[in-house]
Amino acid sequence: MADIHELANSLQKLDNQMVTCMKCGMCQAACPLYAQTGRETDVARGKIALVENLAAETLKDPQAVKERLDRCLLCGSCAASCPSGVKVLDIFLQARAIITGYLGLSPTKKAIFRGMLANPKIFNAILNLAPKFQKIFAQPVNETLGTSCARFMSPLLGGRHFVPLAKTPWHKTMGHVDTPKGKSGLKIGFYTGCLVDKVFPRVAADTFKVLEYHGVGIFMPARQVCCGIPALSSGDRKTFDRLVRDNLEIFSDKDVDYLLTPCATCTATIKKIWPFMAEDYPEREQEKIHDLAAKTLDVCEFVAQTFPFDAVPEEDASNTRKITYHDPCHLKKSLNISQKPRSLITQSPGCTLVEMADPDRCCGMGGSFNLHHYDLSQKIGDQKLRSIIQTKADAVATCCPACMMQLTDLLSKANMPIQVKHVIELYAQGLQAGATAWPKHKEQS
Amino acid sequence: MASPSLIKEFQSLLGTENVMTEEADRQVYAYDSAVLEPVVPELVLRPPTSESLGKIVRLCNENGLPMTVRGSGTNLSGGTIPSKEHGVVVVTNGLNQILEINTEDLFARVQPGVITAFFARTVADNGLFYPPDPGSQTVSTLGGNVAENAGGLRGLKYGVTKDYVMGVDFFDVEGRLIKTGGRTVKCVTGLNLAALMVGSEGTLGVFNEITLKLIPPPQASQAMMAVFDSVEKASETVSAIIAHKIVPCTLEFLDQFTIQTVEEFRHAGLPTTAKALLLIEVDGHPVQVEEDAAKVRDLCTKQGATQTQVAGSAAEKEAIWQARRDALPALARLKPTTVLEDATVPRSKIPAMIRAINDIGAKYDLTIGTFGHAGDGNLHPTILTDRRDKAEFERVEKAIEEIFNAALDLDGTLSGEHGIGLTKRQFMIKEVTAATLTYSRKLKQALDPNAILNPGKIIGG
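Protein chains in written order, with the numbering used here: chain A, 2 to 446; chain B, 8 to 468.
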């Protein structure tokens with residue numbers, strides 16, 4: 002094991018960012034985890050203090066700091082409301098990477114990230130087999146939501162009601178896609194994201210329908226790799242770097258106007274996290290990353306801003322479905338996008354938007370946080386569940402497949418017949434409802 | 008030193024998860040929001056019930072462990088930094104129940120760990136009003152508010168926390184429950200011990216339950232902004248408003264540096280050439296509000312305001328108060344370290360105080376933005392610095408002392424609402440007599456002979 006003094010030295014590069022934390026404690030009001038536990042180590046102020054102490058060598062227990070840093074949803078709620086604008090996520094992700102670099106990655110994570118995630122061929126091959134076997138291990142539990150639960154006690158699945166892996170992932174259904182610009186005069190690169198590709202390909206399918214309807218050309222290479230956030234949040238900088246570079250190779254210098262993703266987390270990772278993690282990359286790569294980050298857009302943001310409506314047709318309210326919207330943290334807090342997805346819902350025929358209490362309160366998923374701290378994740382989710390149920394909505398919509406998994410689990414366990422939808426699915430349904438119900442967008446009129 | 012058997016006893020009383028002994032868990036209770044060196048406690052306890060709270064007070068006393076009670080650790084004067092020797096931090100956020108909201112007799116009973124803003128919201132949901140609104144209200148606890156006698160933006164008209172404390176039940180050092188005050192408007196039974204607890208910063212007892220006064224909410228309100236080309240004119244306007252027997256619920260001041268910083272931060276169109284802004288809100292019966300608002304606007308104009316703007320909609324009102332809320336965050340972003348002071352002067356002395364602050368800033372070559380509660384003379388000179396720059400930080404400390412001296416020369420006080428804690432205790436003697444300190448220390452020694460209740464705070468010792 003390396004010298005702890007070297008670890009402290011590496012952490013000191015975060016000093017300029019950490020020193021801006023004035024320890025005011027206002028993050029206690031924003032943190033969904035702290036709301037459950039009331040422990041200072043769970044809130045940003047406490048975690049920053051621990052990293053500072055490790056850097057100053059007044060604490061020499063990197064394992065203890067790592068365990069506490071890992072108890073975090075990386076939702077960014079604290080950063081979004083921080084009075085002095087501390088870049089909390091930048092600090093946490095870098096600190097996780099530095100400390101993990103020092104302690105070493107656990108063998109399981111090494112196998113998953115370096116063996117699977119960084120090698121899409123192996124990753125896809127394993128997941129291609131999984132749907133065939135999952136029926137043996139899982140049984141359907143909720144028809145509205147299409148969830149399953151474990152048939153017998155499983156240490157990995159626990160009591161989760163999960164959305165099963167799709168029979169065919171999106172990249173396999175479609176293969177390589179490269180269509181020319183249509184009437185919109187635009188062409189986009191499509192970044193599917195792992196969860197949409199393998200769990201919710203229906204979201205990708207509906208996105209394609211919408212893009213085709215609006216005459217947008219699509220470039221989607223059959224081979225895509227993960228955005229890297231699961232590896233980075235576990236501190237695996239090596240795999241993260243490899244995935245970023247792989248992605249650059251796939252998408253840089255392609256003749257597209259935008260890179261679209263239907264996943265809030267992928268969008269935020271590419272736009273926000275790639276650029277700040279790339280500070281020590283060679284200049285040329287940094288440029289490529291900044292170019293790609295600037296081109297990257299959430300699907301709903303793209304549709305809402307590119308194809309605005311002249312007018313929304315009046316509808317008989319009794320015929321519409323009530324939809325409530327959950328703000329994914331990585332759209333609202335990381336990218337400040339909250340109105341555009343809502344505008345797609347209000348403009349979709351047959352949908353009425355009903356707001357829930359605290360729509361931007363984290364759902365508790367937090368990526369791998371849900372895997373490691375399922376009980377806490379569920380407790381945080383309970384508040385979201387209550388807010389959704391109170392709206393009496395027919396469906397809850399959001400723009401993030403990870404949130405969709407958590408919301409599905411919460412609603413399924415509560416046995417609620419409330420559907421979970423991606424906003425683009427509602428918009429696409431509106432298209433199918435027929436030309437009479439569908440308002441003409443400006444370019445067509 | 009807490010022995011293993013004592014730690015076991017704490018664990019059986021509170022549950023293992025509420026007794027924090029690991030270094031990484033203790034280090035995060037070493038600081039609060041004051042710019043001071045952290046002190047790592049030996050033990051952190053988080054009692055889940057009031058019975059267990061009383062028992063741990065007794066155990067700490069019997070074992071000579073000095074205890075510092077902490078709500079959310081937002082203290083700006085170091086009042087929640089534990090003792091250097093064998094310090095124990097007692098966290099109250101496990102005691103967070105609102106026990107009663109009585110809409111007939113207009114009071115509420117709460118545990119000390121209830122969050123201020125949550126309480127105020129719940130009271131409002133019951134059709135009533137709890138006015139104290141310290142800047143940290145979204146996270147601060149009511150126990151902490153009472154222990155510090157917290158203020159806020161509504162101090163001018165509605166008073167501060169002490170004006171709402173009807174009773175405090177607390178544990179003495181032997182863990183006995185002391186009941187004080189009551190649920191009636193009038194109550195002269197015995198010594199006014201509840202009042203003694205207010206602002207005692209955890210040095211005299213450990214709060215178990217607090218009874219707070221509630222009032223009916225105002226029916227209407229009106230906000231406005233007045234722009235001035237001199238601090239004097241703004242300050243004279245404050246005096247003129249009060250002299251005309253109008254008491255706004257909020258009367259806030261921003262100096263030019265703060266205005267410019269907020270504008271750069273928010274781009275809301277604030278007048279950056281203005282020397283001072285007053286943000287004013289009047290509330291009460293709709294007819295009265297309309298009349299008061301018109302009078303205040305006329306007074307502002309008469310006193311030389313270059314521009315007045317009355318909020319015509321909820322959004323405009325929101326924009327006015329956003330400017331005030333932005334003051335601290337906008338200033339805090341300029342430099343790594345923010346030292347927020349709260350020296351307070353009689354409101355007629357505000358121009359002199361602001362001149363003094365600016366002179367001190369120039370003398371020590373420091374960046375200071377000043378904003379605050381002009382209506383009650385409670386200004387917040389905010390020094391922007393970098394605590395890693397030792398030479399500059401020494402100048403900051405000298406400047407703070409001179410700000411205190413200036414406030415006292417103007418018949419003011421060291422602290423309007425942040426408390427004395429550790430940061431201002433050495434200056435106490437400048438404001439009170441030696442006999443005052445002796446009297447206070449005797450009181451403390453009699454009630455806490457082993458010096459285990461947040462020793463060293465306010466009066467030293």
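Derived by calculation from the structure, the hints in this document are not laboratory data.
Computed from a prediction, not measured in an experiment: that's the story for all the values here.
The beta carbon of each residue, even a glycine, is placed where N, CA and C say it ideally should be.
Any given hint could turn out to be false.
[Claimed, not checked] Computed cross-link-like contacts, SDA-like style, restricted to lysine to any residue with a CA-CA straight-line distance of at most 25 Å:
{"id": "1", "chain 1": "A", "residue 1": "Lys14", "chain 2": "B", "residue 2": "Arg395"}
{"id": "2", "chain 1": "A", "residue 1": "Lys67", "chain 2": "A", "residue 2": "Asp242"}
{"id": "3", "chain 1": "A", "residue 1": "Lys61", "chain 2": "B", "residue 2": "Pro45"}
{"id": "4", "chain 1": "A", "residue 1": "Lys61", "chain 2": "B", "residue 2": "Lys437"}
{"id": "5", "chain 1": "B", "residue 1": "Lys342", "chain 2": "A", "residue 2": "Ser11"}
{"id": "6", "chain 1": "A", "residue 1": "Lys88", "chain 2": "B", "residue 2": "Arg395"}
{"id": "7", "chain 1": "B", "residue 1": "Lys437", "chain 2": "B", "residue 2": "Pro358"}
{"id": "8", "chain 1": "B", "residue 1": "Lys405", "chain 2": "B", "residue 2": "Asp366"}
[Said to hold, decoys possible] Facing chain B, from chain A, some residues (calculated, C-beta under 7 Å):
{"id": "9", "residue": "Thr42"}
{"id": "10", "residue": "Ala81"}
{"id": "11", "residue": "Ser85"}
Hint by hint, here is what the structure shows:
1. A distance of roughly 15 Å separates the Cα atoms of Lys14/A and Arg395/B; the hinted pair therefore holds under the 25 Å criterion.
2. For the hint linking Lys67/A to Asp242/A, the alpha-carbon distance of about 21 Å falls within 25 Å, and the restraint holds.
3. Restraint check for Lys61/A and Pro45/B: satisfied, since their Cα atoms lie roughly 17 Å apart, inside the 25 Å limit.
4. Note on Lys61/A and Lys437/B: the hinted pairing is violated, with a Cα-Cα distance of about 43 Å set against a maximum of 25 Å.
5. Between the alpha carbons of Lys342/B and Ser11/A the distance comes to roughly 23 Å, so the proposed pair stays at or under 25 Å and holds.
6. Taking the CA atoms of Lys88/A and Arg395/B, the gap is about 19 Å. The hint holds against a cut of 25 Å.
7. Between Lys437/B and Pro358/B, the direct Cα distance comes to roughly 22 Å. Compliance with the 25 Å bound is thereby established for this hinted pair.
8. Of the supplied pair hints, the one linking Lys405/B and Asp366/B holds, its CA atoms being roughly 13 Å apart against a limit of 25 Å.
9. Among the interface hints, the one on Thr42/A holds; its C-beta lies about 5 Å from the nearest C-beta in chain B, closer than the 7 Å criterion.
10. The beta carbon of Ala81/A is not positioned within 7 Å of any beta carbon in chain B (closest approach about 12 Å), and the interface hint is therefore violated.
11. Taking 7 Å as the C-beta cut-off, the interface hint given for Ser85/A holds, the closest approach to chain B being about 4 Å.
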